[in-house]
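S.K.: If you're matching them up, the sequences are chains H, Z, A and G in order.
When we follow the UniProt record's numbering, the leftmost residue of the first sequence carries the number 1, and every step to the right adds one.
When we follow the UniProt record's numbering, the leftmost residue of the second sequence carries the number 1, and every step to the right adds one.
When we follow the UniProt record's numbering, the leftmost residue of the third sequence carries the number 1, and every step to the right adds one.
When we follow the UniProt record's numbering, the leftmost residue of the fourth sequence carries the number 1, and every step to the right adds one.
Among the hints, a few may not be true.
Same chains, same names: a pair is fine if it fits in one copy or spans any two.
[Stated by the list, open to error] Each computed DSS-like pair below joins lysine-lysine, with the alpha-carbon atoms no more than 30 Å apart:
| no. | residue 1 | residue 2 |
| --- | --- | --- |
| 1 | Lys3 | Lys232 |
| 2 | Lys213 | Lys93 |
| 3 | Lys116 | Lys37 |
| 4 | Lys179 | Lys67 |
| 5 | Lys25 | Lys232 |
| 6 | Lys252 | Lys180 |
| 7 | Lys222 | Lys232 |
| 8 | Lys116 | Lys213 |
| 9 | Lys116 | Lys232 |
| 10 | Lys58 | Lys93 |
| 11 | Lys222 | Lys37 |
| 12 | Lys180 | Lys3 |
| 13 | Lys179 | Lys213 |
| 14 | Lys138 | Lys283 |
| 15 | Lys180 | Lys67 |
| 16 | Lys58 | Lys25 |
| 17 | Lys58 | Lys222 |
| 18 | Lys222 | Lys3 |
Hints are computed from structural coordinates only; laboratory data are not their basis.
Protein chains: 4
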Amino acid sequence: MNKQYEVGIIGGGIIGQSIAYHLAKEGVSVLVLESHKIGTGATSAAAGMLGANSELEKNDAFYQFAKESQRLYHSLQYELSERSQINIGLVDKGMYKIAMNDDEADSLKEAASYYKSVEWHEKEMVLEHESTLSTSIKGALYIKEDGHVSPLHVCAAFSKSASLLGATILENSPVHAIKKTSKNGYTLSTPRADFSVNKVVIANGVWSGHFFKQLGVNAGMKPVKGECLSVKSSEISLEKTIFYDHCYIVPKGDGRIVIGATMVEDDWSTAPTIGGIQSLIEKITPIMPSIASSQLHETWSGLRPQSHDGKPYIGQHPNGEHIYFATGHYRNGILLAPKTGEMVRDLILGRQQNEDYINTFSIVRPQLQAMR
Amino acid sequence: MNKQYEVGIIGGGIIGQSIAYHLAKEGVSVLVLESHKIGTGATSAAAGMLGANSELEKNDAFYQFAKESQRLYHSLQYELSERSQINIGLVDKGMYKIAMNDDEADSLKEAASYYKSVEWHEKEMVLEHESTLSTSIKGALYIKEDGHVSPLHVCAAFSKSASLLGATILENSPVHAIKKTSKNGYTLSTPRADFSVNKVVIANGVWSGHFFKQLGVNAGMKPVKGECLSVKSSEISLEKTIFYDHCYIVPKGDGRIVIGATMVEDDWSTAPTIGGIQSLIEKITPIMPSIASSQLHETWSGLRPQSHDGKPYIGQHPNGEHIYFATGHYRNGILLAPKTGEMVRDLILGRQQNEDYINTFSIVRPQLQAMR
Amino acid sequence: MNKQYEVGIIGGGIIGQSIAYHLAKEGVSVLVLESHKIGTGATSAAAGMLGANSELEKNDAFYQFAKESQRLYHSLQYELSERSQINIGLVDKGMYKIAMNDDEADSLKEAASYYKSVEWHEKEMVLEHESTLSTSIKGALYIKEDGHVSPLHVCAAFSKSASLLGATILENSPVHAIKKTSKNGYTLSTPRADFSVNKVVIANGVWSGHFFKQLGVNAGMKPVKGECLSVKSSEISLEKTIFYDHCYIVPKGDGRIVIGATMVEDDWSTAPTIGGIQSLIEKITPIMPSIASSQLHETWSGLRPQSHDGKPYIGQHPNGEHIYFATGHYRNGILLAPKTGEMVRDLILGRQQNEDYINTFSIVRPQLQAMR
Amino acid sequence: MNKQYEVGIIGGGIIGQSIAYHLAKEGVSVLVLESHKIGTGATSAAAGMLGANSELEKNDAFYQFAKESQRLYHSLQYELSERSQINIGLVDKGMYKIAMNDDEADSLKEAASYYKSVEWHEKEMVLEHESTLSTSIKGALYIKEDGHVSPLHVCAAFSKSASLLGATILENSPVHAIKKTSKNGYTLSTPRADFSVNKVVIANGVWSGHFFKQLGVNAGMKPVKGECLSVKSSEISLEKTIFYDHCYIVPKGDGRIVIGATMVEDDWSTAPTIGGIQSLIEKITPIMPSIASSQLHETWSGLRPQSHDGKPYIGQHPNGEHIYFATGHYRNGILLAPKTGEMVRDLILGRQQNEDYINTFSIVRPQLQAMR
């Protein structure tokens, strides 16, 4: 394979595929190298919550970025379906962030007074909307904008659309080394072949870490294993996503209810454990007692890539190399995929950028050093 | 269980669940008895094609019934999603019925001149729209109204909506006998218990046959086994459903392409055979050569219930018993489920009926005798 | 199908298949009618423990019957492998019945003094043999004769061997009625056809109940749902089966560790619930703490058929009809299958029988009435 | 992880696990680094045929090596079961290599006259033993010593036994670089950490290729994709493995019949294609017509690592580095795993070696150059 590609993307998860799609749409020749199979990493572990408001605390650049990305899904659902015939499963019925005690209620009420996009619902109102919740809740923050998608279908839709636009997407192609070949070129070494590209995007999640060393970038990356389970029930009527203490209950459009996720730091294994599943059940049951009689459908897990400050690395290599980072999205990879794709596309095409985003997601941002 | 139900429905497939839903919406107390698990019979074997025009030949009452049912899906998709949160996967991008030789082309052109809802597309135009089709096709009939749904999701959405409306739906409950208890009552005997109902609906597909004998109705019912397979491919871009010689290629919204189905008469086994899968591959490959390099995803099969004239039995027991039939839908169960649900509901509630439908689907219609 | 069969067996689980095999070996023409698929009922729910000593308390006829059946597996493993090429997965490394407190220890020590086939092991000795057990155990009863098999492989081996010996085995063939046709004949009615047989064996587990009524036999039969899970672990070294409070941990020859089972009475559903799985995890973890870090592999469940006194019904219809019962094996169907097959064969062939067994398992045994 | 390991093995398939086991048994501290999951590469693609005689043509050192390895399985089955409780599924009922025309018959008869371990069976005798074979066969070579095992269970048994003997086995740990740290040490770089080892074994099949370049070894390695399918049938009675034109039909002890495998060169994808499955069915059906009515159970595929001369690379790095190769086993990895494990163990421990083996499997053997 002696073809020269304009951009080589390392990683075929939802981030890499979003970038591939956004570049292919601009006529850029793209190569995606996935070490195993498309969307089998962190992408497959996610429940697909678009939790811009529920997951993020402060009204900062990260929050603005997340909100923009969240909004992009509303146009993407049609655009991607037209191109790939794949339905990304966007459900847009909002979320309840539950309070189980007075302190939690107070902080959620405070949030409600601060953000106009959310409102506090008293216990009675919550139970009226979601009757399967426990009567021992104190109330909930209603976040109307936080919906969810089907991560694997978003990933597949980006991937197939990019492929039909001319992108080359190769599975079973782990990149072992990035070698500079000349002022404007790099070689990506894989067991099957070496590939020549002008620019490189590193988007392989927790596996990105070893390139940091290779490339002389001093940034942290550690895995946080997330275990999930799904259930089926003909009795449970649930419309909104339920969120409590980093755990969510998501009613999917295929009839499954997805429950997740554990957070196990520095665990590189990717199989759900008995202990992990037990902890999920114990955490969820008090919030929704009827879950106990639902049918266990399946369990799975994956590794989310976490930076020191929990924000992704999106941007160019500090010394001006044509190497770009789009990784470290932690629990927010699905939410952030659309905007990450746009931002990396614009960086590569030299388009105008939002300075706040560049500083916030810089792989050498000062805040990171502080946290070491 | 001494509760008295107004209506007892035998069979928890898409037909039984549609009836349960339409009755529960009217406040009727409904019991559904499924011998095994919801939607594991003919429902699970179907690709979900809504082939009113492609499957049916003449412009008769059956065709009108099918068209009405097809249209009902457009409102049902929202209604069922609101109630059950389940997306029925309606895709409405039309179908190409392929001609591979001049005779086939002529008869399709004739159909195009006869039905205003379809039009003939010359080979070049077809290949422009669907470039993965073989260049050896002669052309195709474009049927814009024939889309498809996800059968299991339609069935689950009907079932969950009915359940949330108060219907009782029991799995693992085979009905062995229907016994008349009094002028206005019947007992449905199952291993778990006997159930008392005022009216009975027989909707268990090919398994309905043995009730015919029990109830003194002389109607035929035989299984036609259908084997299917699904593939995945990032190269194949397919928008419309492709139909040729009783076989279809259906691009589903989840990224799978479903190919089916064989027709094996009087075979009661429900596992796909090597020979059946081979015959599907051999029939489809000439129409879409690139299918050969696609990934085999899964295979499955099921038994479609066929009457002597290929039309369903929908209607009341001839001697006025409060026993209703809704079975024998053969290849068209998914297409006909919504309208069948409405018709049986109206029969039970004594509402005005379309006489043509009553005569066409009567279990003692004269046409049947002729075909013995 | 006008063929006349000598014996018609209702139920294609491990009991029905054992009877079919033992009869086919004698040249008897056999028909097996399975309502769904071979071995998908209680057979599929079992872990395959051969717990003659661990499950049964007293040294009575039932115990003797179980011991004989247990021993039969040692010859069957070769015999069935020769005929069907299927390995039944017999593992014969004994079992530890654990004591977690002094009372349990005392009663197990008493058992050890009573049965010569078992011996008491002090805590230290137990932990020496099975180091993954909790150090908080008090000791264990070592039952060297209680091994285990793979239930589905035993069932498949019986079935395939019977089939190769000429037995006719039909799936998807629920029997709705047994009708007497003449002094020496019966008709078995199924949706696919009516079958003529000279003798009938009722062996469809919890589903047998409705025939009792039909046949005028006043015997009880209720389901006890059992939920199981399996795990995988490269750290856990377990040789013996562990048994505690009706729960077992079984190290299978395929590398899985099977944990089961819950006992949910009068529940006819066949899907594992979140609550059931949680209860298993909570019961097992204190006995083997390292299970918490093992991988959850799969979960499943099934319905065990329970009589009033927990013993099976094996024998002829009380009024001399050529109808035989082989059902109600509750938790012991796998253990008892071989001897049940021999006993029913001998009853049908009019061979000498053990009177104790006939009285103990009679469907009209007096003990049953007492327990109403 | 600053632990220093004596030996670091790259690759957790059956070859790497056999080496880990044989070294751990000698008390050597071993680290196995698997890029994805244990046994998911070529190991999972194999049917487990031990085809020393059927696969290999000449009576050379390679053949002798294969025969020794084949024999080792007879002791390993007990040894590994004792340690890991896992049954490797050894079936030892021989193989029929079929002749479909006179030329094939002649060459098989010649082989029969040459090897005393095999004998020619005339058509009638073959059909007497294996009645499901086509009557159009000409006869077959009976190879009594060629049995089969369950590859995944052999791999799991090696892995668990090694683990219980103290070996460290890490999944999700791709090695990107091997760096020399000092005269007697290497660093294995993975995304999760760098690992220090004294000696390195490269055993990751087709993925080994990129280390050849890194290490300055000029040896070829290309993938040959193999697609398989398995069927179930209660009618097919098959005792021996059937072999014809690189395809085999293997009756497994779990009741499945495994059919494989295609040989697609330079294809790095790992999903079975429609075309590949079709070609298997077309090749097998003439030999065993009844396969057409058997049930398709599952399909899978994997990449076999092929050297220029089809023989594995087993031996030390030519320039005396403490780097060892054990890869390129092509279609014979399962057969050769036991002896490969012994040979690499002996090389590492500096034990006496068979010179023929060293020369035959040397990564710089002259024969290889000739074939470029």
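S.K.: Compare the structure with each hint and give your call.
M.R.: Now for the hints, and whether the structure bears them out:
1. Taking the closest pair of Cα atoms, Lys3 and Lys232 come within 30 Å of each other only across two copies (27 Å); inside a single copy the shortest separation is 48 Å, beyond that limit.
2. Neither within a single protomer nor between protomers do Lys213 and Lys93 lie at most 30 Å apart by alpha-carbon distance, with minima of 43 Å and 50 Å respectively.
3. Proximity of Lys116 to Lys37 under the C-alpha cut-off of 30 Å is found in neither arrangement, the shortest distances being 41 Å within a copy and 46 Å between copies.
4. For the identical chains of this complex, Lys179 and Lys67 are neighbours neither inside a copy (37 Å) nor across copies (45 Å), given an alpha-carbon limit of 30 Å.
5. In this assembly of identical chains, the alpha carbons of Lys25 and Lys232 lie at most 30 Å apart only when taken from different copies (23 Å versus 39 Å within one copy).
6. Taking identical chains as interchangeable, the C-alpha atoms of Lys252 and Lys180 are never at most 30 Å apart, the minima being 45 Å within one chain and 43 Å between chains.
7. Taking the shortest Cα distances, Lys222 and Lys232 sit within 30 Å of each other only across copies (26 Å), while inside one copy they are farther apart (33 Å).
8. Within a single copy, Lys116 and Lys213 get their C-alpha atoms no closer than 43 Å, and across copies no closer than 60 Å, so neither meets the 30 Å cut-off.
9. Taking CA atoms no more than 30 Å apart as the test, Lys116 paired with Lys232 passes in neither setting, with 35 Å inside one copy and 44 Å between copies.
10. Proximity of Lys58 and Lys93 under a CA criterion of 30 Å is satisfied intra-copy only: 23 Å inside one chain copy versus 44 Å between copies.
11. Proximity of Lys222 and Lys37 under a CA criterion of 30 Å is satisfied in both settings, with 21 Å inside one chain copy and 20 Å between copies.
12. Within a single copy, Lys180 and Lys3 get their C-alpha atoms as close as 17 Å, which meets the 30 Å cut-off; across copies the closest is 33 Å, which misses it.
13. Proximity of Lys179 to Lys213 under the C-alpha cut-off of 30 Å is found in both arrangements, the shortest distances being 13 Å within a copy and 14 Å between copies.
14. Taking identical chains as interchangeable, the C-alpha atoms of Lys138 and Lys283 lie at most 30 Å apart only when both belong to the same chain, with a minimum of 16 Å there against 32 Å between chains.
15. Taking the closest pair of Cα atoms, Lys180 and Lys67 never come within 30 Å of each other, the shortest separation being 37 Å inside a single copy and 48 Å across copies.
16. In the homo-oligomer, the alpha carbons of Lys58 and Lys25 never lie at most 30 Å apart, since the shortest distance is 33 Å inside one protomer and 46 Å across protomers.
17. Taking the shortest Cα distances, Lys58 and Lys222 sit within 30 Å of each other inside one copy (23 Å), while across copies they are farther apart (53 Å).
18. Within a single copy, Lys222 and Lys3 get their C-alpha atoms only as close as 34 Å, which misses the 30 Å cut-off; across copies the closest is 20 Å, which meets it.
The earlier numbered hints that this structure contradicts are 2, 3, 4, 6, 8, 9, 15 and 16.
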